[in-house]
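Taken in sequence, the protein lines are chains A and B. Counting with this note's numbering, you get residues 16 to 205 for the letters of the first sequence. Counting with this note's numbering, you get residues 48 to 224 for the letters of the second sequence.
Treat the hints as calculated values from the structure; they're not laboratory data. Quick reminder that beta carbons are idealized off the backbone N, C-alpha and C, glycines included. Be a bit skeptical, because a hint or two may be false.
Here's a subset of chain B near chain A, in silico, CB distances under 7 Å, partners left out [claimed, not checked]:
1. L67
2. A68
3. R71
4. T73
5. S75
6. F78
7. F80
8. N81
9. L88
10. H90
11. S93
12. D94
13. D96
14. S99
15. R102
16. G126
Sample of chain A residues with no beta-carbon within 10 Å of chain B, all distances over it, derived [claimed, not checked]:
17. E32
18. E42
19. T44
20. Q64
21. R85
22. Q119
23. A149
24. A170
25. P184
26. V196
Here are the computed distance ranges between Cβ atoms for each label pair [stated by the list, open to error]:
27. A:V163 to B:V148: 24 to 30 Å
28. B:H183 to A:F201: 21 to 27 Å
29. B:S224 to A:V163: 25 to 31 Å
30. A:N194 to B:T154: 26 to 32 Å
31. B:L52 to A:H94: 29 to 35 Å
32. B:L88 to A:E180: 43 to 49 Å
33. A:E180 to B:H70: 23 to 29 Å
34. B:D114 to A:T70: 17 to 23 Å
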Amino acid sequence: MQYSPFFVSNPHMSVRETGIAGCFLVERTALRNGSGTVHDLYDSSTLRQVGIDFTIHEVLLSTSAKGVLRGLHFQAAPHSTAKLVACLSGEVFDAVVDLRPKSQTYLKTFTTRLSGKSNTMIFIPEGLAHGFYAYEDNSTILYMTSGVFSAKHDAGIHWNSAGIEWPDPNPIISERDQNLVRLEAFENPF
Amino acid sequence: MFEFLPTTIEGCYQIRPRVLADHRGTFSKLFHFNTFSEKGLVHQFSDVDYLSSPRNTLRGLHFHPDDGEYALLLTCASGSVLHVAVDLRKNSKTYGTVYSVTLESPTADTLYIPAGVAHGFLSVADDTTLLTLASHRTSVRSGIHWQSIDFDWPVANPVVSEEDQRLMTLSEYQRQS
């Protein structure tokens, strides 16, 4: 996959850099349609113009209660996947960390708010770990991924080991996530 | 991973994902490329939209010409949606059949609508949102008028766009095709 390194804007979308190589914020225009609104989430021809080019292999939907943290997850090489992440309702604090040793932004983190009221999505390339914290009940996150799930390659690092300043020091978290290996101790598959 | 429930329209499925629920919330897979491919279903989706509709908004009925490579996947992400589909494929065993189902969040049941089947929906709850995956963006969209099919809509005066209100009737469409 190739990523465009510059800012792009057209009437329907704009893409902003995050400071992590290949990771972008994608803003789409919400269109009024009749009495409601239509949000474009993924349109292959428009996204291709900024170098985001992948076939959707999975669509995943998660809902989280206020105070829930999920992460930091990634799928290990050679089954690593890129993903486009959108918040459909509620609001989350979204975080990524670059785990690619060869990347110029290796170990750099980026955080942002994603909300159902805005239409900002985050494009996360292969080799980044991702997690989020729900500010509101019923925060709904949609993932569109470039590859299918592989249980063997499903992996993660501990949420509080990558230098991310989470909004809550005591989030609601699964046992599995709480027991994930810390960044400094994990074997890097990238 | 999914249950593919047949509907009264050939090639149209209600797809039930496995929803994992715990104290944090829910997690479900709505689409899996390989599974759809193995099942012989359309599995290339290059246009994803998210529609918010206040209660009593009706959209449709829209369809894409029967070219075999187009399909629509619809998931209610919040609220509740009454889906109505009509089979317009003359060579189909279920030609003319009207199928309806109410799908609501958070069951995440998804409706798979093949090309040649017209689809419309009515939002039957406040803050209803529908997630749609389409095989490709279509600028030429055909449609038939919502009141011209054999279906008892549960509301008499839904909010319908001017564009949809001007669509031809089912019998006009059948005469010209």
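We went through each hint and held it up to the structure:
Checking L67 (chain B) against chain A by beta carbon gives a least distance of about 9 Å; that is not within 7 Å, so the hint is violated. Given the 7 Å rule on beta carbons, the hint for A68 (chain B) is violated: about 9 Å separates it from the nearest Cβ of chain A. The criterion of a C-beta within 7 Å of any C-beta in chain A is met by R71 (chain B), whose closest approach is roughly 4 Å, and the hint holds. For T73 (chain B), the interface hint holds, the least distance from its beta-carbon to any beta-carbon of chain A being 5 Å, beneath 7 Å.
Given the 7 Å rule on beta carbons, the hint for S75 (chain B) holds: about 5 Å separates it from the nearest Cβ of chain A. Because the closest C-beta pair between F78 (chain B) and chain A is about 4 Å apart, less than 7 Å, the hint holds. Here the hint on F80 (chain B) is kept, as its CB sits about 4 Å from the closest CB of chain A, short of 7 Å. The restraint placing N81 (chain B) at the interface with chain A holds, with a minimum CB-CB distance near 6 Å, inside the 7 Å limit.
Because the smallest distance between the Cβ of L88 (chain B) and any Cβ of chain A comes to about 14 Å, over 7 Å, the interface hint for this residue is violated. Hint on H90 (chain B) is violated. Least Cβ distance to chain A is approximately 9 Å, over the 7 Å limit. With its C-beta approaching chain A no nearer than about 4 Å, S93 (chain B) sits inside the 7 Å limit, and its interface hint holds. Satisfaction of the interface hint for D94 (chain B) is found here, the shortest Cβ-Cβ separation to chain A being roughly 6 Å, below the 7 Å cut-off.
Among the interface hints, the one on D96 (chain B) holds; its C-beta lies about 6 Å from the nearest C-beta in chain A, closer than the 7 Å criterion. Given hint, S99 (chain B) at the interface with chain A, holds; its Cβ is 5 Å from that chain's nearest Cβ, closer than 7 Å. This hint is violated: R102 (chain B) has a C-beta 10 Å from the nearest C-beta of chain A, more than the 7 Å allowed. For G126 (chain B), the suggested interface contact is broken, since its CB lies about 10 Å from the closest CB of chain A, more than 7 Å.
With a least CB separation of 23 Å from chain B, E32 (chain A) remains clear of the 10 Å interface cut-off, as annotated. Every beta carbon of chain B lies more than 10 Å from that of E42 (chain A), the smallest distance being close to 14 Å; the non-interface claim holds. The non-interface label for T44 (chain A) is consistent with chain B: the shortest C-beta to C-beta separation is roughly 12 Å, beyond 10 Å. At roughly 14 Å, the least C-beta separation between Q64 (chain A) and chain B is larger than 10 Å, which holds for a residue marked as non-interface.
Distance check for R85 (chain A) against chain B: the nearest CB is about 7 Å away, which does not clear 10 Å, and the non-interface claim fails. At roughly 31 Å, the least C-beta separation between Q119 (chain A) and chain B is larger than 10 Å, which holds for a residue marked as non-interface. Against chain B, the non-interface label of A149 (chain A) is violated: not every CB pair exceeds 10 Å, the least being about 8 Å. A cut-off of 10 Å between C-beta atoms confirms that A170 (chain A) is not in contact with chain B; the least separation is 17 Å.
Residue-level check passed: P184 (chain A) sits 17 Å from the nearest beta carbon of chain B, beyond 10 Å. At roughly 20 Å, the least C-beta separation between V196 (chain A) and chain B is larger than 10 Å, which holds for a residue marked as non-interface. Distance hint check for V163 (chain A) and V148 (chain B): the Cβ-Cβ separation is about 28 Å, which falls inside the suggested range of 24 to 30 Å. Checked against the given bound of 21 to 27 Å, the beta carbons of H183 (chain B) and F201 (chain A), roughly 41 Å apart, lie outside it.
In this structure, S224 (chain B) and V163 (chain A) break the distance hint of 25 to 31 Å, their C-beta atoms being roughly 39 Å apart. At roughly 31 Å, the beta carbons of N194 (chain A) and T154 (chain B) sit within the given window of 26 to 32 Å. Distance hint for L52 (chain B) and H94 (chain A): a CB-CB separation of about 30 Å, consistent with the stated range 29 to 35 Å. Evaluation of the 43 to 49 Å hint for L88 (chain B) and E180 (chain A) yields a pass: the beta carbon distance comes to about 44 Å.
In this structure the supplied range 23 to 29 Å holds for E180 (chain A) paired with H70 (chain B), their Cβ-Cβ distance being about 25 Å. The given range of 17 to 23 Å is respected by D114 (chain B) and T70 (chain A), whose C-beta atoms sit roughly 19 Å from each other.
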